[in-house]
Amino acid sequence: MVKKLSRRNETYITLVALALCAVIQIRSGQFFTPNNLVDLASALIVPGLFAIGAFMVIISGGIDVSFPALASLSVYATTKFLLNINYQGGILVPILIALALGAILGAVNGFLISWFSLPALIVTLGTASVFKGVMQGALNSTQLAVIPPGMDAFGKSALFVAQNAESGLTSRMPVAALFLIATLLLAYLVLRYTMYGRGLYAIGGNEISAYRAGFSVKWIKFLLYVAVGMIASLAGLVRVCMMGQCHPTNMLGMEMMIIAGVVLGGTAITGGAGSLTGCMLGTILIVIVQNSMILLGIPTFWQGFAVGLLIIIGTGVSAMQVSRAGAHRAAKGAPQVSRTAKGVPQ
Amino acid sequence: MNGMKWTRRGDVHIVRLIALAVLWLAFMAIFKFGKFFTAISFQTMGEQFPEFGLMALGVMLCMITGGIDLSVVGVANFAAITAGLLLKALAAEGDLPGYGIPLAILAGIAIGAAAGAFNGLLVSKIKIPPILATLGSYELFNGIAIVLTKGKAVSKIPMAYSDLVAGKIFGALPVQLVIFVVVAAFVGFLLSRTTYGPKLYMLGTSERAARFSGLKNDRLLIKTYTLSGICAALGGLVMLANYNSARAEYGAVYTLQCVLIVVLGGVSPTGGKGKLSGVLLAILVLQILSSGLNRFPEINSFFIPLIWGGVLLMVMVLDYFTEKGQRA
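Residue numbers (the working numbering), protein chains in the order written: chain E, 125 to 470; chain P, 39 to 366.
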């Protein structure tokens with residue numbers, strides 16, 4: 125039944141996205157051109173990676189607003205360190221360093237949330253502030269106009285190049301797109317076929333039931349935030365490579381847009397239900413909205429308003445589905461599950 | 039029994055806050071006595087803290103219900119920008135008419151009430167979790183504020199407004215402080231002398247129990263978020279007077295600061311617990327902390343988010359242990 129609902133949600137979001145594409149195509153005539161599509165796909169890489177992390181957290185009934193700050197800090201530290209040692213090698217070492225830093229920072233979140241059973245929102249608001257403070261205060265971050273050559277080369281390498289027949293503009297499909305595909309595949313396999321993945325859904329559905337069913341709630345949550353820290357760091361690294369420079373603060377504030385995309389895709393905000401397909405579709409919708417305002421000739425200062433509206437509509441639709449599903453279940457006489465499980469009995 | 043428990047818990051917070059304040063004041067007395075303990079320095083504090091203090095009062099009310107209001111800064115800027123634009127428009131043809139300032143203040147408060155009621159509707163009727171509803175509406179209000187100003191600051195506001203709201207009564211008492219005291223007294227009155235208070239705590243303790251005992255939860259939530267919106271709008275109007283301009287980016291750090299104050303003051307993020315006295319004390323402690331930090335120019339201002347975030351996390355972990363100790 126949950127599956128049916130979410131499937132309906134995905135078709136619905138696809139229709140909305142297609143309608144939007146059609147409108148943009150009619151208004152500008154520039155949407156379905158090879159280079160615009162490739163541009164959109166490459167704009168999707170970073171939000172897509174972030175969204176996978178945010179999706180897994182929301183599935184488990186938590187929320188993480190610290191991932192942009194986490195990614196900024198770990199990528200800034202990585203880039204700065206590699207510049208200091210004058211690193212000339214390939215992309216592998218930066219990735220490993222960023223992943224390690226992401227895991228450590230994610231572990232801070234995970235430790236506070238799982239061991240002390242503190243509310244995830246307030247913990248991540250706090251850690252976001254701490255990460256930002258460490259980056260700007262302790263590391264004294266400034267914009268790095270040059271990044272190590274290996275990272276730069278990786279950001280500029282292309283899988284293929286698309287050209288617009290009319291205007292002659294070309295767009296590259298970055299190799300980094302493979303990271304998104306690989307992460308997506310990995311997340312899909314873990315969520316679908318491992319006990320760990322089923323545990324995430326179980327915790328999100330009802331933490332106490334999951335605990336009694338034998339899931340080690342603390343470890344599952346802890347490892348989740350470590351994994352999300354790693355995914356976020358990877359996303360940050362990809363972004364810096366693709367931009368060819370490291371601007372420490374320009375990722376901050378992305379969290380709401382990403383969460384909006386995940387929730388728009390039909391992920392239950394209370395946890396326990398949702399699919400990766402929906403999550404990616406929702407993110408695509410947000411990316412289209414953001415990238416196409418220029419094509420539609422809408423001034424960019426409307427962007428905040430549009431994103432806010434999308435978040436409220438997306439979470440609203442999702443919330444109404446959750447409460448309708450709850451009412452349906454109650455009407456059928458099945459035991460109603462408390463949506464506000466506050467912690468695992470000690 | 040339960041009542042006993044949260045009084046005792048509240049006391050732990052208050053004792054901790056007083057200890058922190060005394061330690062900090064002693065520290066400042068030793069290192070920066072001449073610069074910190076002056077009438078002007080305390081007067082400046084009295085002008086500054088109402089900005090976020092007013093917002094924190096709203097966040098407190100929402101958190102007692104088990105929710106949260108993360109849109110306060112968005113509401114404050116929205117209200118301040120509306121009031122600022124209105125003042126400028128009224129003063130466009132020469133002098134600001136006499137009804138100009140009251141009208142602008144009323145418009146700001148009305149915006150706050152409407153924005154708060156909107157939050158309340160999202161939380162109660164549509165049942166969006168408060169975190170997401172208010173983060174989303176923050177983006178929305180902030181977006182509207184940017185659209186209204188095209189991303190620029192609203193400045194050159196008639197000085198009469200700033201002279202009035204950022205003025206001094208008897209040449210010493212900041213008007214902002216008076217506004218804050220009046221609002222805090224009103225909130226205190228609501229919580230302790232009317233049925234609104236007990237209802238609020240009941241809703242926060244158990245939403246279902248409150249519903250089964252006949253409370254109109256939806257109306258209570260809408261009322262609470264509306265109050266929070268009004269508090270935030272007043273904070274915005276104070277900001278407008280203090281800076282004599284308004285902009286969508288102002289006060290960005292206040293969101294975290296408000297959550298920090300409310301948690302520091304002993305309000306439980308899961309709802310049902312917490313007292314106004316704790317929150318008031320937390321507001322004052324935070325102001326003396328940040329004013330004190332300002333006296334050390336060698337501390338980079340970028341460290342402030344680090345300190346606030348660190349204190350917030352530390353307090354939550356401490357709370358975990360106090361609560362655990364009480365349970366045992």
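It is worth saying that the hints were derived from the structure and are not from the lab. As the structure is a prediction and not an experimental result, all values here were calculated from the model. Among these hints, one or two may not hold up.
To be verified - Derived CB-CB ranges, DEER-like: (1) Pro140/P / Ala167/E: 14 to 22 Å; (2) Leu144/P / Met444/E: 33 to 41 Å; (3) Leu144/P / Leu419/E: 50 to 58 Å; (4) Ile209/E / Tyr358/P: 50 to 58 Å; (5) Arg322/E / Ala67/P: 53 to 61 Å; (6) Leu144/P / Ser281/E: 32 to 40 Å; (7) Arg322/E / Lys70/P: 56 to 64 Å; (8) Gly421/E / Ile207/P: 46 to 54 Å.
Claimed, not checked - Quick partial rundown of chain E residues pointing at chain P, CB under 7 Å, derived from the structure: (9) Ile422; (10) Gly428; (11) Phe429; (12) Ile435; (13) Thr439; (14) Val441.
From the three backbone atoms N, C-alpha and C, an ideal C-beta is built for every residue, glycine too.
| Between arginine 322/E and lysine 70/P, is the Cβ distance one that fits in 56 to 64 Å? | At roughly 58 Å between Cβ atoms, lysine 70/P and arginine 322/E fall inside 56 to 64 Å, so the hint holds.
| Falls inside 50 to 58 Å, the C-beta gap from isoleucine 209/E to tyrosine 358/P? | At roughly 40 Å between Cβ atoms, tyrosine 358/P and isoleucine 209/E fall outside 50 to 58 Å, so the hint is violated.
| Was the hint right that isoleucine 422/E lines chain P, CB cutoff 7 Å? | violated (11 Å)
| task | Tell me if phenylalanine 429/E is really an interface residue toward chain P, meaning its C-beta lies closer than 7 Å to one of theirs. | result | holds (3 Å)
| request: Under 7 Å, Cβ to Cβ, is where valine 441/E needs to be relative to chain P, so tell me if that hint holds or is violated. | output: violated (9 Å)
| request: Against chain P, run the beta carbon of threonine 439/E and see if the smallest gap drops under 7 Å. | output: Since chain P brings a Cβ to about 5 Å from threonine 439/E, closer than 7 Å, the hint holds.
| query | Should the hint that leucine 144/P and serine 281/E are 32 to 40 Å apart at their CB atoms be regarded as holding? | reply | violated (60 Å)
| request: Check the following: the C-beta atoms of glycine 421/E and isoleucine 207/P are separated by a distance inside 46 to 54 Å. | output: holds (52 Å)
| message | So, as I understand it, the hint says isoleucine 435/E touches chain P; can you test that by seeing if any CB pair is closer than 7 Å? | response | holds (3 Å)
| message | Given the hint of 14 to 22 Å, is the C-beta distance from proline 140/P to alanine 167/E inside that range or not? | response | violated (49 Å)
| task | Can you let me know if the beta-carbon spacing of arginine 322/E and alanine 67/P is within 53 to 61 Å? | result | Cβ of arginine 322/E to Cβ of alanine 67/P: about 59 Å, so the range 53 to 61 Å holds.
| field | Interface hint for glycine 428/E, Cβ within 7 Å of any Cβ on chain P | value | holds (3 Å)
Hints 1, 3, 4, 6, 9 and 14, counting from the list given before, are not met by this structure.
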